[in-house]
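Put the two chains together into one complex, using the hints given.
So the chains spell out like this:
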Amino acid sequence: KAGVTQTPRYLIKTRGQQVTLSCSPISGHRSVSWYQQTPGQGLQFLFEYFSETQRNKGNFPGRFSGRQFSNSRSEMNVSTLELGDSALYLCASSLAVNYGYTFGSGTRLTVV
Amino acid sequence: SQKIEQNSEALNIQEGKTATLTCNYTNYSPAYLQWYRQDPGRGPVFLLLIRENEKEKRKERLKVTFDTTLKQSLFHITASQPADSATYLCALEGSYIPTFGRGTSLIVHP
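Chains as they are written, first to last, in the numbering used here: chain A, 1 to 112; chain B, 1 to 110.
In isolation and in its complexed conformation, chain B is listed as follows (with noise of 0.2 Å):
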């Protein structure tokens, strides 16, 4: 069956260092994947798409990339900051049906 598998263990970090997080997937091809972010109690919030035959995307502080072979993205978030403090979900879209990774916490420091 489909697995997406999202670190998780909350990701501790200081204050204007480079946060990674990492989605890995199995039986599954999809066309898109997706980046959200969410505040407790809050629904996701979108933040890049990125399509199967794209490597990396950019968005200013946001860089996410897409390896098709190894099924797997990064997402990583440059000079970070305490107010990215959330929790990050990664999907994966095939045929109009999203599945949505558990999403990994991060935890910026000042």
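Chain A on its own, in the form it takes in the complex (with noise of 0.2 Å):
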């Protein structure tokens, strides 16, 4: 079956512009969660969305946001982008809390 689908790959923004990324999780599975990743910090957590509904938030300012569809597929939303921003963002999908997160390829942020 299809894995997390993550577009684009590889994105380059000068700072104080705007970012939509876009994930489609694996079909069935209805909660969709996003997560940063950078050399410094490691793997963050952003948010996570179940039935269209943010469940939870971690600790990131409000310039990011998130939003999931009827269809379960997920975007989230960077906006004012600072150098600071330059990320892997990862989106991962799963079935219910014991069953193990599946995770996207990624895009590869650059904010120049």
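In short, the hints are calculated from the structure, not lab data. Incorrect hints may appear among the rest.
Said to hold, decoys possible - Under the rule of at most 20 Å between Cα atoms (straight-line distance), these lysine to any residue pairs were calculated in the SDA-like manner:
1. A:Lys-57 / B:Thr-99
2. B:Lys-59 / B:Ala-83
3. B:Lys-57 / A:Tyr-99
4. B:Lys-3 / B:Thr-68
5. A:Lys-57 / B:Ser-1
6. A:Lys-57 / B:Gln-2
7. B:Lys-3 / A:Gly-58
8. B:Lys-3 / A:Phe-60
9. A:Lys-57 / B:Gly-94
10. B:Lys-55 / A:Asn-98
11. B:Lys-59 / A:Asn-98
12. B:Lys-55 / B:Thr-22
13. B:Lys-71 / B:Asn-7
14. B:Lys-3 / A:Thr-38
15. A:Lys-57 / B:Tyr-28
16. B:Lys-57 / B:Leu-70
17. B:Lys-59 / A:Thr-38
18. B:Lys-55 / A:Tyr-99
19. A:Lys-13 / A:Gly-84
20. B:Lys-3 / A:Ser-79
21. A:Lys-13 / A:Val-112
22. A:Lys-13 / A:Asn-77
23. B:Lys-63 / A:Asn-98
24. B:Lys-71 / B:Arg-102
25. B:Lys-3 / A:Gln-41
26. A:Lys-13 / A:Gly-58
27. A:Lys-13 / A:Lys-57
28. A:Lys-57 / B:Ile-97
29. B:Lys-3 / A:Gln-44
30. B:Lys-63 / B:Ala-83
31. B:Lys-63 / A:Tyr-99
As the list claims (entries may be wrong) - Computed list of chain B residues with no C-beta within reach of chain A, every gap over 12 Å:
32. Thr-20
33. Thr-22
34. Asn-24
35. Leu-47
36. Glu-56
37. Arg-61
38. Lys-63
39. Thr-65
40. Leu-70
Keep in mind the model is a prediction, meaning the values are calculated, not measured. Beta carbons are placed, not taken as given, at the ideal position from N, Cα and C, and that holds for glycine.
Below, the structure written as structure tokens:
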């Protein structure tokens, strides 16, 4: 079956711009979560959506937002980009809390 | 605050030996502990999940132990192969918010 699909794979943006990343979860998975991974901070939880509702949120500024659609596809948006937002952004979907997470390959965002 | 510690130094072992990776945590009472493998430039791949009331879990060449008293998990790869070389992350989960360790790099030499 198809895995978690993230688009685009690579993105270069300028400081101050905004960006939208997309994630299509595994069919049947209703939970979608987003993570930021950097060499300095490791893998950090951004937020999690379940049935179109944000269920949990990590400790990130309000510039980071997301949403989930009725087909479970999810998007995350980062506004007013800063150089420090350069990172690998990963999306993961899950069938349930005790089944582990299936990650996508990520979107590599570079802010210049 | 919650803290997860994994060895930051790479673990170098010879092919065929058993690799043992450690995950220690503080100020946390996780319901589940998970282990993932991550290759450079890719997303983590789920390997094993162990619940707080389980002591040990096995899957093929992999074994995970979970000691909630010591607040530690050990991850073992037996008969290691060069293809097992990767970064291994542990993750703790309480209420839907998983917290990941920084990972330990494993290098298996032929």
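Kindly indicate which numbered hints from before are broken by the structure, ordering the numbers from low to high.
-> 17, 20, 26, 27, 35
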